[in-house]
Amino acid sequence: EEKINDDIDIIYANTKQWQIDSNLRVNWSFSPKMTFEAFYQPFKVDMDYLDYNRLMEEKTNRMEKIETDKNLNFKMRNKRGTFVFRWEVIRGSFLYVVYNINENRYYSEKDKEWNKTMTNSFFLKFNYYFRPN
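For the sequence shown, this note's numbering begins at 1 and goes up steadily by one.
Among these hints, one or two may not hold up.
[As the list claims (entries may be wrong)] Cβ-Cβ distance ranges computed for the label pairs, FRET-style:
1. 113 - 33: 20 to 28 Å
2. 46 - 93: 42 to 50 Å
3. 82 - 56: 46 to 54 Å
4. 94 - 74: 17 to 25 Å
5. 102 - 65: 23 to 31 Å
6. 74 - 128: 48 to 56 Å
7. 106 - 81: 50 to 58 Å
8. 125 - 65: 54 to 62 Å
9. 100 - 15: 27 to 35 Å
10. 109 - 8: 17 to 25 Å
11. 66 - 106: 24 to 32 Å
12. 100 - 12: 35 to 43 Å
13. 99 - 130: 21 to 29 Å
14. 76 - 12: 18 to 26 Å
The set of hints was computed from the structure by calculation and includes no laboratory data.
For glycine and all other residues, C-beta sits at the position ideal for the given N, C-alpha and C.
Please model the complete structure; the sequences and the hints are all you need to start from.
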């Protein structure tokens, strides 16, 4: 077995990828004083690695096919979105209700499990227009 240097094997593989990446936006006006806006971004990818090869010599295309029992395939499922409800309660004064989604899921074939992280947030904001007498 010949290595490019003592520490590093450079491995290449063909990939088979299936991906969905969408952006969805909705703006809805119930009245001039009440609106709803939504932005949602789902993302899905499945990545399979096939035909592993080791680079035999630097700055060449000399490859050696290698067999491995490691499965480095992975899957990702992400959701991001912001939803805003705006209501002009009193002339010049607004109530905002905001929900934010940030969910990331990663499946490792090696570990045979889904890892999930989420930071979903909910906000209320009220802007009052103060008019001195």
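Structure-based check of each hint:
Between residue 113 and residue 33 the Cβ separation comes to about 48 Å, which falls outside the hinted range of 20 to 28 Å. Taking 42 to 50 Å as the suggested C-beta distance range, the pair residue 46 and residue 93 conforms, at roughly 49 Å. For the pair residue 82 and residue 56, the supplied restraint of 46 to 54 Å holds, since their beta-carbon distance comes to about 50 Å. Taking 17 to 25 Å as the suggested C-beta distance range, the pair residue 94 and residue 74 does not conform, at roughly 44 Å.
Our hint of 23 to 31 Å for residue 102 and residue 65 is violated, since their Cβ atoms are close to 41 Å apart. Under the hint 48 to 56 Å, the C-beta atoms of residue 74 and residue 128, about 49 Å apart, fit the expected range. Checked against the hint of 50 to 58 Å, the pair residue 106 and residue 81 fails, with Cβ atoms roughly 19 Å apart. At about 60 Å, the beta-carbon gap between residue 125 and residue 65 stays in the expected band of 54 to 62 Å.
A hinted range of 27 to 35 Å for the beta carbons of residue 100 and residue 15 is consistent with their spacing of about 33 Å. In this structure, residue 109 and residue 8 meet the distance hint of 17 to 25 Å, their C-beta atoms being roughly 24 Å apart. Restraint check, residue 66 to residue 106: a C-beta distance of roughly 26 Å satisfies the suggested window 24 to 32 Å. Between residue 100 and residue 12 the beta carbon distance is about 39 Å. The supplied range of 35 to 43 Å therefore holds.
One distance hint, 21 to 29 Å for the beta-carbon pair residue 99 and residue 130, holds here, with the actual separation near 28 Å. Checked against the given bound of 18 to 26 Å, the beta carbons of residue 76 and residue 12, roughly 22 Å apart, stay inside it.
Of the numbered hints listed earlier, those contradicted by the structure are 1, 4, 5 and 7.
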